[in-house]
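**Student:** Produce the complete structure using the sequences and hints provided.
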Amino acid sequence: MTPRGRLAIAGARATTAAMLRDQPRGDVIRNAAFAALLLLAVLIALAGLLALLIQAFVEGAPALSTKLITNAPSTLFPEKAGFRPAIIGSLELIAGVIVFVVPIGIGAAIYLEEYADKARWWNRMIEVNIQNLAAVPSIIYGILGLAFIVRGPLDLGFILVAGSLTLALLVLPMVIIVAREAIRAVPDSIRQGSLALGATQWQTIRRQVLPASIPGIATGVILAVSRALGETAPLLLVGATVFVTFDPTPFSDAGYSAMPVQIFNYAVRPQDEFQALAFAGIIILLAVLLIMNSFAIWLRNRYEQRW
Amino acid sequence: MTQDESRVGSGREAREAAAARAAIAVRPDEFQHGASGKREKVFELKGVDVRYSGVAAVKSISMDVHRKDVTALIGPSGCGKSTLLRCLNRMNDLIPGAEVEGQLLYHGEDLYGPQVDPVQVRKLIGMVFQKPNPFPKSIYDNVAFGPRILGRKDDLDATVEKALRGAALWEEVKDRLDSNAFGLSGGQQQRLCIARCIAVEPDTILMDEPCSALDPISTGKIEDLMIELKEEFSIVIVTHNMQQAARVSDRTAFLMVELDADEDNRWGRLVEYDETEKIFTNPSDKRTEDYVSGKVG
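Sequence order for the protein chains is A and B. Going by the working numbering, the residue at position 22 of the first sequence is 22; the numbering climbs one at a time, nothing skipped. Every position in the second sequence, counted from 1, becomes a number in the working numbering once 1000 is added.
Hints were generated in silico from the structure; no laboratory data involved. Just so we're clear, the structure is a prediction, and the values are computed from it rather than from any experiment. By construction, the Cβ of each residue, glycine as well, lies at the ideal position given by its N, Cα and C atoms. Hints are supplied without guarantee of correctness; some may be wrong.
If you want a taste of the chain A side facing chain B, the calculated C-beta under 10 Å gives, among others [as the list claims (entries may be wrong)]:
{"#": "1", "residue": "Asn123"}
{"#": "2", "residue": "Pro153"}
{"#": "3", "residue": "Val186"}
{"#": "4", "residue": "Leu197"}
{"#": "5", "residue": "Gln201"}
{"#": "6", "residue": "Arg207"}
{"#": "7", "residue": "Pro211"}
**Tutor:** Following this line, the structure appears as structure tokens:
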């Protein structure tokens, strides 16, 4: 090797070494500070959740027992009071929500993704408005339910099904949005492959697009249902306000209750025993929500198709 | 009817003819020119223009595609060869704003006639895509999908085996028909897509750069397969690879990009269409010669 060549290589190596070694001190500090700030943000979020959980457990744990599930509420004997009608009411409500929301939500999502011509202004307007609807406060859905479902055109009265319909309207935009995303995630090459075999558009949707997007749609439905389960405000307007000591039925106008409403009912009482009951109810509700959300996450991770 | 059948031949051909006739409007003399000495034509294109939202993609293409030939479409990027291919089974219908003008006959019948249902067309004219696109299902269900949607559920196992053998994949997958198709290699996936396509017993198979995503060994297998498949099917293949066109095709069409005066718009035009042998050894157009000899493109 020529001396000039050696010199060139030595110079290049020295430059590389210098560039690799010298990180300015300022950069190091800024990096660390930024990471610390981000960690702080996470901790604040966690602290709020943790405080809620700890308080609920400390206050509610003594009142936890199976009688919470088996007994009806009582205003006189807090030691005998439970959540039975509220639990049954909540189960019936979300069953109704699922019945309404699954076909309508998936149907709307299929239409918007597979049939609607996105170049048309009205389809774009529908899209934007569904996004907006998802952000409308739940109390407004309560008023809507009161005006159009309990009274007005449907005139169902204060029955449990009216509550289901109201909650279904509330979570419908969310289901549509999630279902659309799941449908959109199915690549076009799958649709083309199916159509190229002589499948009709409906066969393609029914046998390729839907099966591939079901895990995503199911995840969305579960999350929507768990939101409906925790909703109180709209239910207060459509009839779930009364104090119920019997198991509610879907079409009876004798009144119905739901978990969050019953918790609210207990929480506003002055006696410590009822306060503890309210916290115990919170524990039950949180446990159910956590189980549902974990199931949704498991479902998504287990069955989601990676393309 | 009997006269017609005797002309066409028996077995598979008769079934093809019947299917073609049932799908497109009924015309008893449809396959007769096959017997008249001249080579039978699958597609006849006369002055075909394709436009996307009013912008021309290919202009005035006229060519005949012969039965049981491998016909290659070659040319530089953007010359419209894929566009042209997708017209042949009406896949372009799926693109909003796509329009086809001129005459495009399939076995003598107007493919874009008002009575023709594109879904029926695609049952007869299958397609294999550039990137392997198996369905997220088992190998078996991938192949069985076509027969199932067509309601041909009798003896599905035999149909699947026949299609997989036809695509030279059976030996590799016979022990794992129930495993997911995504577990196959790229070349196997592409052969699975070919098996899926021949399981519906089409008359013609269109291939849109079927080897561009594959390694040389897989490419070789698919090329061998094409030569086998033309015993039964007519094949039209788009390829970037001129050696491939030379190896597998009987006739080759060379398309070229044309620009208008101020170079704002570009579209594809057919420069030369002839026996592959002639295109690669003695082309009559200077532009073809420059392209196949690697001087341009």
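**Student:** Could you run down the list of hints and mark each one as holding or not?
**Tutor:** Structure-based check of each hint:
1. Asn123: Because about 12 Å separates Asn123 of chain A from the closest Cβ in chain B, which is outside the 10 Å limit, the hint is violated.
2. Pro153: Pro153 of chain A check fails; min Cβ-Cβ to chain B is 38 Å, beyond 10 Å.
3. Val186: 9 Å, holds
4. Leu197: 4 Å, holds
5. Gln201: 8 Å, holds
6. Arg207: 7 Å, holds
7. Pro211: 8 Å, holds
Of the hints listed earlier, those the structure fails to meet are numbers 1, 2, in rising order.
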